[in-house]
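Taking the hints into account, I'd like the entire structure generated from these sequences.
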Amino acid sequence: MNGIKVITSREIRSYFATPLAYVFILIFLVLSGVFTFYMGNLFERGQADLIPFFNFHPWLYLFLVPAISMRLWSEERKSGSIELLLTLPITRFQAVVGKFLAAWLFAGLALFLTFPIWLTVNYLGDPDNGVIFSSYLGSWLMAGGFLAIGSCMSAVSQSQVIAFILTGTVCLLFVLAGFPLVLNVFRDWLPILVVDTVASLSFMTHFGAIAKGVLGLQDLVFFFSVILFWLLATTVVVEMKQGQ
Amino acid sequence: MRLLFTQPAAGKLFRATSTLVRVYFARYRNGVNMASFSMGRKMIEISHLVKQFGTLQAVNDLSFSVAPGEVLGFLGPNGAGKSTTMKIVTGFLKPSAGRVSIFGCDIEQDTIAAQRQMGYLPEGAPCYEEMTPRTFLNFIAAARGLKGAYASERLQQVIDTMSLQAVLDQRIETLSKGFKRRVGLAQAIIHDPKILILDEPTDGLDPNQKHQVREMIRGLAKDKIVIISTHILEEVTAVCTRAIIITQGQVVADCRPDELEQRSKYHGALTLDFDESVTAEDFLGEFASLEQVALVESIEESNQLSLFPRHKDQSMLLDVSQLIRDRQLPVVSINQEKGKLDEVFRAVTQEQNP
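These protein sequence lines map, in sequence, to chains P and A. Under this note's numbering, the residue at position 47 of the first sequence is numbered 62, and the numbers go up by one with no gaps. Under this note's numbering, the residue at position 186 of the second sequence is numbered 193, and the numbers go up by one with no gaps.
Please note that a few of the clues may not be correct.
[What the hints assert, rightly or not] Below, computed lysine to any residue pairings styled on SDA-like, alpha-carbon distance capped at 20 angstroms:
(1) 184/A - 153/A
(2) 345/A - 316/A
(3) 101/A - 17/P
(4) 154/A - 18/P
Simulated from the structure, these hints should not be mistaken for lab results. Quick caveat: nothing in here was measured; it's all calculated off a predicted structure.
Here's what the structure looks like:
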């Protein structure tokens, strides 16, 4: 446990030691504002909820999360500090989890800083705060899923650009898994069971359910399993890459 | 009555059982340590190590062991497998075959326990450039499990040893190469490890800094194991008690640095420096006639003669100086050579790949 804690706290400090953290938070806040007010027409709808705000989150994460996750392992390998990290008395999995947690907490902070929107709808009307809380939680869990995928992609390549593109692509597949675009590819030649499985991997479906205020166990389990799976995959990739 | 009788008995039984359980678990918990204690002596043992990268055989059946108190100089041409070996020993790379045991802990099975014993400076001294030496060293101390007063005491000590006080709160990326290297060394020794593995610790340092690092290594407690890879040969004679030369992943020499020097054809040779008014080559015959002298060579550009002894353990100095005095030869200085390491190095490493 100590290992995870030490890694997490070092990573978080390092976010704030560079302009990365501030730039990211600023852009995240500006973009989520733009999406909510201009494209989501929060005011014009005349309803006291945050549906327009959360609806754009999967798309927002699609290119902002890879920006956080791309450096997780690529940078370590490029600068050679991975050799230092992995010869400390810390297991590979602890290092993977520690780094992921730092990124996840950081994403959580960015999300938390959108609270003025929540205050705004409360000031203007009488929203269902339970639903909003649930949506925040769902959004954070989804960010976690994206980050875990990003962590693995970052371990694959020592180029941050490649990590960014790979993460974006894989995340897009997970977002679109429930959409005909992806399902039609499989529908013709795979049994319906497989197609249903693919569809059930959709981030949109599970996030949508939580964002409606239904905090179902299956959705929580889904996101936590996605995170765990990709973190284990990261560990395997880190291990494999060292052998080369 | 019955009840009163059985209660203490039950209590005894319970106590006995719980003691048994505790002993069992204690044994289980210490199992690793106990096993390793009986299995391995307090040393590093490397046996039949092989590492392959695709078709490239980086380390090829390498075996040696290092005992406490030894400062091992690990020599070899670039690409000989020095760094690869160190990466395997520190648990960063997995060997293709063979095993490494650190004080009885197998590096593959018992990685964390083995890594706790070691301090490691990777090649090029990589670190987290956006941190300052202070935050970086604190991070390493925490990761190594140092706590409280002991952690701050150790921190202060490595800062003093490595003279880092002046740059403590500057970003590492802004520091000079010498300071970066010292930060790297500081993190390697912060937990006062029993084993120190340094991959080219003085590479890129100026002579003063090199001297400092060597002093630091010499100042380490005498019961430690130090492995230094280097291609600076003078470093081996300066700090090492033992030298291993590897080439193409195999040991080609393993001995004390002075024994290595003795292998040199220059060991025991005399170099005579002649006055500029004469040509050294003209006196070649004079020395060749001496009984002790096996061979005389002239070194053209420097106006010098090299005299090689017939028997390496017998000095020619007396005879030669007698001759010089008798004939009044214009010799400015006489040097007795210990041996040229770089010549030995070339000889052993090129035997393998002509």
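So which of those numbered hints doesn't the model satisfy?
1 and 3
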